[in-house]
Amino acid sequence: MLNLALLKSEIVLGALALGLLAADLLLPEGRKRALYGLALLACGISLFLTGSALLPAPGVFGAGVPLPLPTGGGPAAALGAGVGTLWSVDPFSLFLKMVVLGSTVLALLLTMDDSSIPDSEAGSFSCLLLLSAVGMMLLVSATDLLLIFVSLELVSIASFILVGYERRNPKSNEGSLKYFIFGAFSSAVMAYGISLFYGATGATSLVAAKPQGAMALMGLLFILVGFGFKAAIAPMHFWVPDAYEGAPTPVTAYLSVAPKLAAMGALARLLTALVPAGSMDLTLLLSLLCGLTMTWGNLVALFQRNIKRLLAYSSIAQAGYIMMGIVTGDAMGLQGILIYSFVYVAMNIGAFALAVALAADRSDALDPYDLDSFDGLSSRSLPAALAMTLFLLSLAGIPPLAGFIGKFYLIGSAVGTAHYGLAIVAVLNSVVSVYYYMSVCYRMFFTAPRKGARVPRFGAGIYAAAALALAVTLFFGVFPHRLAVWAQFSAKFLP
Amino acid sequence: MTLAHYIALGAVLFVIGIFGALTRRSVIGILMSIELMFNAANINLAAFNRYLHPEGVAGQAFALFIMTVAAAEVVVGLALVLAIYRNWDKTYMENINLLKG
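Sequence order for the protein chains is A and B.
Residue numbers for the first sequence follow the numbering used here, so the first one is 10 and each next one is one higher.
Residue numbers for the second sequence follow the numbering used here, so the first one is -10 and each next one is one higher.
Everything labelled a hint here was simulated from the structure, so no lab data went into it.
The structure displayed is predicted, hence computed values, not measured ones.
One or more hints might be untrue.
[To be verified] Here are the simulated SDA-like pairs of lysine to any residue, each with C-alpha atoms no more than 20 Å apart in a straight line:
| no. | chain 1 | residue 1 | chain 2 | residue 2 |
| --- | --- | --- | --- | --- |
| 1 | A | Lys180 | B | Leu41 |
| 2 | A | Lys180 | B | Ile85 |
| 3 | A | Lys180 | B | Asn86 |
| 4 | A | Lys180 | B | Asp78 |
| 5 | B | Lys79 | A | Arg177 |
| 6 | A | Lys219 | B | Glu44 |
| 7 | A | Lys219 | B | Gly45 |
| 8 | A | Lys219 | B | Ala47 |
| 9 | B | Lys79 | A | Pro179 |
| 10 | A | Lys180 | B | Trp77 |
| 11 | A | Lys219 | B | His42 |
| 12 | A | Lys460 | A | Leu391 |
| 13 | A | Lys180 | B | Ile5 |
| 14 | A | Lys219 | A | Leu230 |
| 15 | A | Lys180 | B | Glu44 |
| 16 | A | Lys180 | B | Ala47 |
| 17 | A | Lys17 | A | Lys41 |
| 18 | A | Lys180 | A | Phe191 |
| 19 | A | Lys180 | B | Phe54 |
| 20 | A | Lys219 | B | Arg75 |
| 21 | A | Lys180 | B | Lys79 |
| 22 | B | Lys79 | A | Asn178 |
| 23 | A | Lys180 | B | Leu87 |
| 24 | A | Lys17 | A | Leu56 |
| 25 | A | Lys180 | B | Val70 |
| 26 | A | Lys180 | B | Glu83 |
With the sequences and hints as input, model every part of the structure.
Here it is, written out as structure tokens:
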């Protein structure tokens, strides 16, 4: 059953990404900014193809109608498993693909106005961004260790280059090198784990895999290391702050959402549908890692003085919240993962958009990403200060905003499956996180601006990204019903 | 030669690789250690394929994929080392400490 048509959105995006490189050669110097437009167009086409597979299916806006998952052909032929059992395209993966594409669009919009990426390199930069998006889209569909390994590497290799994109900036070099060494190390551990898993089960396919015995368990643990690295789960998170600080800010915004969510999605498929965590006695280990991730991220974030590092540690904590859905593994937890992924893209990239806008003026010698640059923002640009406040409140999970809805589902699912300890840790962590998010707000509203601070400059791209993110954060916070129904429909696997 | 010999060889290589990756000072040394770890996985895959699951070639095919991907990864790594050498004039990990880790 060679149904490559299932992967049409990935194939189209990959082909267009390579097309961008060709277009880069044809365009004269000075016209290269047009390539960002082409990259956005490519994302739009892919988003349309993905969305048209997911949205017209029955039950999207009428709650309660179960979707008949086809096993091949059938009415909704767009959904199904492809080429043996290498990948399966189901509502869960389609939803996450749309989230990944959405964050790619937002990151491209930020790149258009960020001075760290010169316009002459627009072609290769957006090509790499799109290729890593292709890797993530394959990753969330993968049901075979072969495809998981290859797509994880596609994401990693593209991200290594993106982090080190500012070749002449030593910080970018260093961040990229640390990212690379941790990344290569963990993928080697993962490869070893895959070899053990293969030895124990005789196949690399995870569908209907019945791993048993110590060797399979060890293999699975080594495979988790690879995922843990990509999703920055606590003991494997050491690369995060340095890579995020060194990378060009649009790349930081992108890396803090897309690969994390893709890895979480693949991990959710692995540990809830394919090899349930309970069947290998992994639930306790996962909940410990989850609690550690949240706590560590939040506690260290309290002491950061650089907005990129602060958001880096906060994103580690956010990954911990999302991981709760994997630990519980019930329907509500999966919905929570999807809802939280969706809103997390908006609120986190929104916060980064404001940071990029503030740093656009690099005339003063101070570090443009120091928290000082937020001092007195409300007197310089009240809308920017208000937007940043809303994004930070949403990240902290304050009720009328979208971040609350996701947290509500995740903590609700932890309580519903009797993981009370985890729920308490998550609530306490949310309280801790309010402190450092609010300290940024305090600087914006109640501190005098630092000397020579100017009114932030909003380019068209940053403006569009921030407005889009703000709209999502506000709209789905006030009217969560539609998102909840959509996630309920999408939280289904096709094994 | 039995399966145990190959698995032991793989395990030894893997441990040497981990030890090297954690203790080497030079970036190139770390890269070489990581290659050892990849090769340990390859030996395992080929040996398991030959002795335990001789009905298919999934293990050997996987080993080919790992080799290809590892080569691509090393290309990026060496390019990074080159960029760092141009900016810093050194490639020892303990000297590369601008960011606070």
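Hint check results:
1. Lys180(A) to Leu41(B): With Cα atoms ~48 Å apart, Lys180(A) and Leu41(B) exceed 20 Å; violated.
2. Lys180(A) to Ile85(B): Roughly 9 Å between the alpha carbons, so the hint for Lys180(A) and Ile85(B) holds.
3. Lys180(A) to Asn86(B): holds (9 Å)
4. Lys180(A) to Asp78(B): holds (14 Å)
5. Lys79(B) to Arg177(A): holds (15 Å)
6. Lys219(A) to Glu44(B): holds (18 Å)
7. Lys219(A) to Gly45(B): This hinted pair holds, its Cα atoms lying about 18 Å apart.
8. Lys219(A) to Ala47(B): Given that 20 Å is the threshold and the Cα spacing comes to 17 Å, the pair holds.
9. Lys79(B) to Pro179(A): holds (12 Å)
10. Lys180(A) to Trp77(B): Holds: Lys180(A) and Trp77(B) sit about 11 Å apart, inside 20 Å.
11. Lys219(A) to His42(B): holds (15 Å)
12. Lys460(A) to Leu391(A): Holds: Lys460(A) and Leu391(A) sit about 18 Å apart, inside 20 Å.
13. Lys180(A) to Ile5(B): violated (31 Å)
14. Lys219(A) to Leu230(A): Holds. Lys219(A) to Leu230(A) sits at ~15 Å (cutoff 20 Å).
15. Lys180(A) to Glu44(B): violated (51 Å)
16. Lys180(A) to Ala47(B): violated (42 Å)
17. Lys17(A) to Lys41(A): Cα-Cα ~27 Å, so violated.
18. Lys180(A) to Phe191(A): With a Cα-Cα distance of about 17 Å, the restraint between Lys180(A) and Phe191(A) holds, given a limit of 20 Å.
19. Lys180(A) to Phe54(B): violated (33 Å)
20. Lys219(A) to Arg75(B): violated (51 Å)
21. Lys180(A) to Lys79(B): Holds: Lys180(A) and Lys79(B) sit about 14 Å apart, inside 20 Å.
22. Lys79(B) to Asn178(A): holds (15 Å)
23. Lys180(A) to Leu87(B): It holds: about 7 Å lies between the C-alpha atoms, which stays within 20 Å.
24. Lys17(A) to Leu56(A): It holds: about 11 Å lies between the C-alpha atoms, which stays within 20 Å.
25. Lys180(A) to Val70(B): Since the Cα atoms of Lys180(A) and Val70(B) sit roughly 14 Å apart, the hinted pair holds (cutoff 20 Å).
26. Lys180(A) to Glu83(B): holds (15 Å)
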